[in-house]
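Asker: Sequence:
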Amino acid sequence: MTEVLFYHLQGMSLESVLPPLLEKSLERGWRVVVQSTSPERTEALDAHLWTYSDDSFLPHATWRAGDAQDQPIILSIEDGNPNQANVRFLIDNAALPTDCDSYERVVLVFNGDDADALTAARGAWADCKARGFEVTYWQADERGRWQRRQ
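With the first letter of the sequence shown counted as 1, position 82 gets the number 82 in the UniProt record's numbering; the numbers rise by one all the way through.
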């Protein structure tokens, strides 16, 4: 069964949150697709993932890469699973993919300071519950550590 995790960002940027989540995914041996809603955002994340840390980088490519199937992380704006990922991150209000149930995990990261993002996340939550997915809600504490909330 697909597990859908809702990560509620408040007072944090996606650029600070996404790299550690991707690192943890790779540590677990997972392959990942990160789906955004615009080529510009995808290109900005592509550049960021190469430079976010002086002592680390995340091996990745965009969906346009000729060797996308070989990459552990793909940044995309499209449905599809070019690298046979078992985890899909949805950012910038990207919609749930039609093949949601083919992933072990779907991680929906939304901006809690944006009313449209909150509305979209609530709709996705209801949709996931109706489809029988296991859903969990995560929010960072005052130290920035993610806590599962009820």
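Calculated from the structure, these hints are not laboratory results.
Treat the hints with care, since some could be wrong.
[To be verified] Straight line, CA to CA, 25 Å or less: simulated DMTMM-like cross-link-like pairs of lysine to aspartate or glutamate: (1) 129 / 3; (2) 129 / 67; (3) 24 / 46; (4) 129 / 78; (5) 129 / 116; (6) 24 / 54; (7) 129 / 99; (8) 129 / 70; (9) 24 / 70; (10) 129 / 104; (11) 24 / 141; (12) 129 / 101; (13) 129 / 142; (14) 24 / 142; (15) 24 / 3; (16) 24 / 55; (17) 24 / 99; (18) 24 / 104; (19) 24 / 43.
[Stated by the list, open to error] Quick list of the computed label-pair ranges, beta carbon to beta carbon: (20) 101 / 55: 35 to 43 Å; (21) 51 / 126: 33 to 41 Å; (22) 79 / 12: 34 to 42 Å; (23) 118 / 44: 34 to 42 Å; (24) 148 / 123: 29 to 37 Å; (25) 118 / 41: 17 to 25 Å; (26) 123 / 99: 16 to 24 Å; (27) 79 / 54: 14 to 22 Å.
In this text, a Cβ means the ideal position worked out from N, Cα and C, and glycines have one as well.
Asker: Now look at each hint and say whether the structure bears it out.
Answerer: Structure-based check of each hint:
no.: 1; hint: 129 / 3; result: 10 Å, holds
no.: 2; hint: 129 / 67; result: 35 Å, violated
no.: 3; hint: 24 / 46; result: 18 Å, holds
no.: 4; hint: 129 / 78; result: 24 Å, holds
no.: 5; hint: 129 / 116; result: 20 Å, holds
no.: 6; hint: 24 / 54; result: 18 Å, holds
no.: 7; hint: 129 / 99; result: 16 Å, holds
no.: 8; hint: 129 / 70; result: 33 Å, violated
no.: 9; hint: 24 / 70; result: 19 Å, holds
no.: 10; hint: 129 / 104; result: 16 Å, holds
no.: 11; hint: 24 / 141; result: 19 Å, holds
no.: 12; hint: 129 / 101; result: 13 Å, holds
no.: 13; hint: 129 / 142; result: 29 Å, violated
no.: 14; hint: 24 / 142; result: 21 Å, holds
no.: 15; hint: 24 / 3; result: 16 Å, holds
no.: 16; hint: 24 / 55; result: 16 Å, holds
no.: 17; hint: 24 / 99; result: 23 Å, holds
no.: 18; hint: 24 / 104; result: 15 Å, holds
no.: 19; hint: 24 / 43; result: 22 Å, holds
no.: 20; hint: 101 / 55: 35 to 43 Å; result: 37 Å, holds
no.: 21; hint: 51 / 126: 33 to 41 Å; result: 38 Å, holds
no.: 22; hint: 79 / 12: 34 to 42 Å; result: 27 Å, violated
no.: 23; hint: 118 / 44: 34 to 42 Å; result: 23 Å, violated
no.: 24; hint: 148 / 123: 29 to 37 Å; result: 21 Å, violated
no.: 25; hint: 118 / 41: 17 to 25 Å; result: 19 Å, holds
no.: 26; hint: 123 / 99: 16 to 24 Å; result: 19 Å, holds
no.: 27; hint: 79 / 54: 14 to 22 Å; result: 35 Å, violated
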